[in-house]
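Starting from the known structure of chain A, fit chain B onto it as the hints suggest.
If you want the building blocks of each chain, they are given just below.
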Amino acid sequence: MDSFFKDLRSEFPILSRKIYGKDLVYLDNGATTQKPRRVVEKIENGYYYSNANIHRGVHYLSQRATEAHEAARERVGRFINADSASEIIFTRGTTESINLVAFSFGEAFCKEGDEIVVSVMEHHSNIVPWQMLCERKKMSLKVIPMNDRGEILLDEYKALLNPKVRLVAITHVSNVIGTINPVKEMIALAHAAGIKVLVDGAQSVPHIRLDVKAIDADFLAFSGHKIYGPTGIGVLYGKAELLNQIPPYQGGGEMIDQVHFEKTTYNVLPYKFEAGTPDFIGSIALSEALDFVDEIGIERIEAYEKSLLEYATMELMKIDGMRIIGTAADKSAVLSFLLGNIHPFDVGTLLDHLGIAVRIGHHCAQPLIERLGIDGTVRASFALYNTFEEVDVLVKALKRIQTMF
Amino acid sequence: MTINEIQDEIIEEFEVFDDWMDKYQLLIDIGNSLEPLDEQYKTPQLQIEGCQSRVWVHAALVDGKVVLQAESDTVIVKGIVMLLLRVLSGRTPQQILDTDLYFIERIGLKDHLSPTRSNGLVSMVKQIRNYALAFKLTAP
Chain A
61 MDSFFKDLRS EFPILSRKIY GKDLVYLDNG ATTQKPRRVV EKIENGYYYS NANIHRGVHY
121 LSQRATEAHE AARERVGRFI NADSASEIIF TRGTTESINL VAFSFGEAFC KEGDEIVVSV
181 MEHHSNIVPW QMLCERKKMS LKVIPMNDRG EILLDEYKAL LNPKVRLVAI THVSNVIGTI
241 NPVKEMIALA HAAGIKVLVD GAQSVPHIRL DVKAIDADFL AFSGHKIYGP TGIGVLYGKA
301 ELLNQIPPYQ GGGEMIDQVH FEKTTYNVLP YKFEAGTPDF IGSIALSEAL DFVDEIGIER
361 IEAYEKSLLE YATMELMKID GMRIIGTAAD KSAVLSFLLG NIHPFDVGTL LDHLGIAVRI
421 GHHCAQPLIE RLGIDGTVRA SFALYNTFEE VDVLVKALKR IQTMF
Chain B
22 MTINEIQDEI IEEFEVFDDW MDKYQLLIDI GNSLEPLDEQ YKTPQLQIEG CQSRVWVHAA
82 LVDGKVVLQA ESDTVIVKGI VMLLLRVLSG RTPQQILDTD LYFIERIGLK DHLSPTRSNG
142 LVSMVKQIRN YALAFKLTAP
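So the protein sequences, as listed, match chains A and B. Per this note's numbering, residue 61 is the first one in the first sequence, and the count goes up by one each step. Per this note's numbering, residue 22 is the first one in the second sequence, and the count goes up by one each step.
Here chain A stands alone, though its shape is the one from the complex (with noise of 0.2 angstroms):
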């Protein structure tokens, strides 16, 4: 198995890149992930042959990029197992589709006095949005807590649950420690207390599979920086039931039915949501990522990033002093650790000038790592194309930047 992943690195050119002349090991996975050539291609092709804006010209070449956007929507409507690509809302990242829903969801169903439940292992743009809201409408946030393994107290979670709360956002798997939280169950608790949910799948949606009829998800956010696709492209999953009963996001060409200086009215979804001349190059790209993952494979990539995750875990313990910062029973493969007492940013600094790209600080999540009572930590986020190898390397050099303090 380790071979098959290893010969898809040749699909990746900055791969073989040389860092401060050493070999670079990529291990800021987390942050965004490398992209293919052929996701790259798309993007080039489509500059070069296909560009033409989409849903409005008569023209041979408008037809044929809206027909590849749409695809591209019912591409990703598949990827999650959605019921139709009108739930599909292209958007520029997992933060602007969660400031969608916070906007028009809170316009329509939130008032003053209602909660917002979110947990401590939030990216802050799972958190901030909802602050916003909730100082906005004078609602009040909630926060689940967590033990000190990083797992959700699902007790506190449910005496979180009242009739006041209107939305659980949750993280399905925490960018900085690695825990994949139990949303399929927390989305039934929140049901049966007729509280919608939004699903953060930024860190899940590359790495796990993501059904959201499964789950049952409301919403669900994801980007497409992350799953080896393009920047600036993201998607927002919302049930058709849900996305029709609230207000558009922004105004703007594209999302409207007609437009009279009396009244205007809007389109219908997922176009209602989509302002402006989208992103038709990025969703076609997008696309490109999703068919490279779903022809390897994704219970086949969790299944190998998991061997990756247990292989540097165990490694990393070796080496004296190592503190792995999250230990939740069921992680995906991040790994947060912090090297005896030498600083974050000094290991990070070290690891960089070995060629090894990893993240430090706090990981836009600063309520987390006040809850484990650390300033940051070093994070190593692996994506298929890592090897075991690699995490050879990384030991080696700590065990040697160990030896300079």
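Honestly, the hints are just simulated from the structure, not real lab data. Where is the CB? At the ideal position from N, CA and C, for every residue including glycine. Fair warning: there could be bad hints in the mix.
To be verified - Calculated Cβ distances over 12 angstroms to all of chain B for the following chain A residues:
hint : residue
1    : T92
2    : L214
3    : A248
4    : D435
5    : R460
To be verified - Straight-line Cα separation of at most 25 angstroms, BS3-like style, residue types lysine-lysine; simulated pairs:
hint : chain 1 : residue 1 : chain 2 : residue 2
6    : A       : K78       : B       : K131
7    : A       : K459      : A       : K366
8    : A       : K66       : A       : K323
9    : B       : K131      : A       : K82
10   : B       : K157      : B       : K86
11   : A       : K218      : A       : K202
Showing chain B alone in chain A's frame:
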């Protein structure tokens, strides 16, 4: 020694290493030798903006000279701070304002620290210059 003699001395100390890890080793050793800053100075007011790590710089005017003290929670940044102090601490406000800090570029610190980190370095230098300017303007 003059400011530039010290800058040249630092450049020489770093020049003997061609491997980056050795240069960092030197920076770490220098950082480890930095005296800890008095806890009372580790305040938000003395913390430098624009750094990935926390850095505090305290300045006092003693007999017409700017005495700098600083600390960071990371050893590499401590090393950088220590070099800045070696060059600039104990100089008059005017000397600090007139100094061209060419050693930073010559030992490769600017190139080899990423833009955000480099901005931290820039912020540190700017803060020290601001202290010098303030002392110059308020000096009798």
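A quick look at each hint next to the structure:
Under the 12 angstroms C-beta cut-off, the non-interface status given to T92(A) relative to chain B holds; the minimum distance is some 16 angstroms. Every C-beta of chain B lies more than 12 angstroms from that of L214(A), the closest at about 36 angstroms, which supports listing it as non-interface. Its beta-carbon lying about 41 angstroms from the closest one in chain B, A248(A) satisfies the requirement of being farther than 12 angstroms from that chain. Once the 12 angstroms rule is applied to beta carbons, D435(A) is inconsistent with being away from chain B; the minimum gap is 7 angstroms.
At roughly 8 angstroms from the closest C-beta of chain B, the C-beta of R460(A) falls inside 12 angstroms, breaking its exclusion from the interface. Only pairs whose Cα atoms come within 25 angstroms are accepted, and K78(A) paired with K131(B) is accepted, the gap being roughly 20 angstroms. Restraint check for K459(A) and K366(A): the C-alpha separation of about 23 angstroms stays at or below 25 angstroms, so the hint holds. Annotation: proposed proximity of K66(A) to K323(A) is violated, straight-line Cα distance about 58 angstroms (limit 25 angstroms).
Using a Cα cut-off of 25 angstroms, the hinted pair K131(B) and K82(A) holds, with the two alpha carbons roughly 20 angstroms apart. Only pairs whose Cα atoms come within 25 angstroms are accepted, and K157(B) paired with K86(B) is accepted, the gap being roughly 10 angstroms. About 12 angstroms separates the Cα atoms of K218(A) and K202(A), which keeps this hinted pair within 25 angstroms; it holds.
Checked against the numbered hints above, the structure violates hints 4, 5, 8; every other hint is satisfied.
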